[in-house]
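Peer 1: Sequence:
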Amino acid sequence: MQEIPDLRQIGLSQGEIKVYYALLEIGECTKTLLAKHSGVSPANIYDITNRLAEKGLISRVVKDGIQHFSPANPNSIRSYIAEKEETLAKEKQLAESIIPALLQQYHEHADNVSVQVFNGWKGLKTVFEELLEECTKGDENRVFGASKGESEKTADAFFLKYSKMRERKGIKTKIIFNNEMKSRKERIDYFLKSKAYDCRFIAQSTPVEIMCYKNRVCIIILTKEPLTIRITGKEAADSFKQYFEILWKSAK
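Using the numbering used here, the first residue of the sequence shown is number 55, and each one after it goes up by one.
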């Protein structure tokens with residue numbers, strides 16, 4: 055039996071793939087033969103075949119008191135995908151209808167001090183996407199300690215992407231780079247040439263940078279899998295802005 059891993063991409067589990075392809079190979083059969091041919095435990099056959107039947111990929115029939123299983127025409131996969139798309143469309147429509155109310159509730163507590171932790175590059179992506187959503191043209195971001203990070207190429211690609219998006223939105227940014235950043239030519243050349251960024255350098259070397267915008271302060275630890283700590287609160291943001299301006303005067 056030859057496994058086609060791509061079926062996992064449409065939502066089938068490993069067990070479902072084994073059972074489905076076993077049925078395609080041997081045709082109609084009983085639980086015992088199906089378990090033997092698929093390599094799936096007999097105890098799991100009924101659960102797996104129930105899920106495949108719900109997806110419309112197999113059929114079941116009882117003969118002489120014994121349940122038999124058969125594969126459906128592979129064209130049924132199209133119907134299965136169509137149903138998933140329909141369900142996803144309904145979920146998206148529902149999400150769009152409830153998000154405004156959730157946002158209203160969220161912003162009611164936005165002035166309260168809170169601390170959130172975001173893990174990895176996906177977490178940092180969430181932070182930057184929310185920044186782009188919250189900031190408007192003319193807003194100013196401040197960044198101190200911008201570094202090349204431990205994963206230099208990944209950091210280059212990430213920050214170039216989101217910095218260009220920030221520029222397109224008309225957000226102004228003042229950045230104090232660590233001197234080590236001068237070695238990341240592609241990234242640093244972009245910032246130095248862009249009119250949206252005002253850049254200076256400071257003699258320090260640390261993978262920790264601090265970014266401030268609106269009423270948020272983000273502490274970004276650029277290890278191989280970044281850790282981002284986001285503090286939301288007007289007093290915290292105002293304190294960092296004052297501290298940043300002092301550092302800005304001493305940076306070159």
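Certain hints may be false.
[Stated by the list, open to error] Once the Cα atoms are required to be at most 27 Å apart in a straight line, the calculated DSS-like pairs of lysine-lysine come out as:
no. : residue 1 : residue 2
1   : 218       : 179
2   : 90        : 72
3   : 278       : 239
4   : 226       : 117
5   : 306       : 247
Think of the hints as simulated: they come from the structure by calculation, not from any bench.
Peer 1: Take the hints in turn and mark each one as holding or not.
Peer 2: Structure-based check of each hint:
Simply put, residue 218 and residue 179 have alpha-carbon atoms about 14 Å apart, close enough for the 27 Å limit, and the pair holds. The hinted pair formed by residue 90 and residue 72 meets the criterion: a straight-line CA distance of about 11 Å does not exceed 27 Å. Simply put, residue 278 and residue 239 have alpha-carbon atoms about 20 Å apart, close enough for the 27 Å limit, and the pair holds. Between residue 226 and residue 117 the alpha-carbon distance is near 73 Å, which puts this suggested pair outside the 27 Å criterion.
Of the supplied pair hints, the one linking residue 306 and residue 247 holds, its CA atoms being roughly 16 Å apart against a limit of 27 Å.
Checked against the numbered hints listed earlier, the structure breaks hint 4 alone; every other hint is satisfied.
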